[in-house]
Amino acid sequence: MNIIEIKDLVKIYDTSEIKVTAVDHIDLTFEKGEFSAVVGPSGSGKTTFLNLLGGLDRPTAGQVIIDGVDLWSLRPRQITDFRLRNIGFVFQSYNLLPVLTALENVEFIMHLQGWPKAEREKRARELLEAVGLGDRLHSRPGKLSGGQQQRVAVARALASKPKFILADEPTANLDSHATENPLDIMEKLNREEGITFIFSTHDARVVKKARRVITLEDGKVISDDNK
Amino acid sequence: MLIAVSWRNIWRSKTRSLVVITAITLGIMAGVFSTAFMKGMMDKRIETAIRTELSNIQIHDSLYRKTSELRYYMQGGDLLARKIDTMSHVAGVTRRIIVQSMVSSAETGAGVKIMGIHPDDEKQVTDIAEKIVEGKYFEGIKRNPIVIGQKLAGKLNVRVRSKVVITLQDLDNNLTAGAFRVAGIYKTSNTVYDESNVFVRYEDLARLTDMPAGACHEIAIRVDNDQYTVPVQQSVKKIAPGLEVLNWKQISPEMSYVTAVMNQYMYIFIMIILLALLFGIINTMLMVILERHKEIGMLLAIGMSRARIFSMIIIETVLLSLTGGLTGIILGTLLSKYFEVHYIDLSMFGKGLEQLGYSSLVNTCIEPEMVVSVTIMVIFTGIIAAIYPAWKAIRYDPAEALRIE
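Chains as they are written, first to last, in numbering that gives the first Met the number 0: chain C, 0 to 226; chain Z, 0 to 404.
Simulated from the structure, these hints should not be mistaken for lab results.
Treat the hints with care, as some may be off.
One-sided and incomplete, this derived list gives chain Z residues near chain C with beta-carbon spacing under 10 Å [stated by the list, open to error]:
id : residue
1  : 1
2  : 6
3  : 10
4  : 13
5  : 205
6  : 206
7  : 294
8  : 306
9  : 398
10 : 399
Think of the CB as a built atom: it goes at the ideal place given N, C-alpha and C, for glycine as much as any other residue.
Kindly generate the complete structure, drawing on both the sequences and the hints.
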């Protein structure tokens, strides 16, 4: 079952001096439960593609249809709310709130969704335990290693019960030892709970684990391989 | 949760926040204290004016105040005074004969207001008896004693027991004079008053002016609490038809006008302090959102609405302002409370202040209404200061913000 349909997606950055086509007429679909990697060299348009998919950047042309909703036909406020309720994000530099503990960071998104305090705390605990951080619930990000912070970020992305999770270079800031851990956790969640992950990466370890690898070059899809 | 996040965000950069909080604290503390100081000074001036110069209520013949002529006296003033004395909340009643005239010494003369008083009754209404600095209050001189102000004594170059001559026109417009001997010299905090008011005994002045028995120009009433001035005034009006019954605000409208203006000045003063602080807070919050550009981008990306981000910045700024504001209010209040019971001695400026009628010993006066108003003003300043930084924050593009390394 397709949860994302991308139709003739184009993104052109038009400065006064130069026009750059970051995403060039991409047509793709993603099914529920995918564990896919978008790869390509720097400047190939991976991040832009994920931003368009996640409703963070407006395309120049084309459509992103998520679960039957044409994302870019919504008003800006509706897009923000759509992201909150349907899309999970994991960022390269974790981007946790430094003033909140691991537990509060995971709770925060549920607070934005309007969950009652007791329920969100329970779910946040469960998720942190699921990513192996049951003993670091009350640690602030500054007291956690990079790998642990990324695991909190994964728990946060899962907390909102999204339709899919977009992870932009999630292992780029992690050393090889730390990389395996969050990646294994994401793979496990995908395998056991059917959570859809779409990565942008040029990390071979991520590519190795991905079941579908989409290669971009100059904004175009040059290969789309299912393993 | 938004409040918790905002509060913790304040303490992310402790030094910067403490600098801003200290600036707000000092500004508000100075504002609160200055306001309490000015209020205390004004209250003291009013209290002095009532206690020494005006009393709470005065009764005159309806034409007396317009003309100051001797012939507009009140017949049967003694009976009226006795009736008033029995009213509740009346602390004292006194009758006066008042003549605008000349007092002369061997060296020089001066125009003065001569008040013929009943010394014991007067003690219940005004506090001239307590202001005697030389001699005694109508004691020690048997015949025609006079009590004069220190400033006038200096001007006439007279001392206790010196002789002065009062020259006046009696009721029949005949020029007459009486020799008086200085029994006491008083000093109030108002040198202009001291220079232009002298007190003699009622019967001495009545004899000199040929006033009928029991007549007087003025009945002055002291009320035990100023809040009862108007009710007592209404009751007096009922038993004194045809007479002019005025309270101190009506007798001296400039006094109540100055109070109202001073209150406005106090708020303008606080507003100027807050205006200066406002720009400091705006600057700090602009730095804050610039530093958190990426974090705000992340919040937008995960689906935090712009309205919520706006609120978060507003809450953070208000909390920052309130932390400094409340500390300033508490310190300012404590300082003001201390000086409510301990005088601030301004005697080095005493001469100038006394010419304006102000005492050089000032107690502060802090009012709960003022504390509440300042708190509201601080919150309001926080909100105003937050608007521009918050507006800038919600203009961030999440995709662009997340690209920042």
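Tested hints:
no., hint, result
1, 1, "8 Å, holds"
2, 6, "9 Å, holds"
3, 10, "8 Å, holds"
4, 13, "12 Å, violated"
5, 205, "84 Å, violated"
6, 206, "87 Å, violated"
7, 294, "7 Å, holds"
8, 306, "8 Å, holds"
9, 398, "4 Å, holds"
10, 399, "9 Å, holds"
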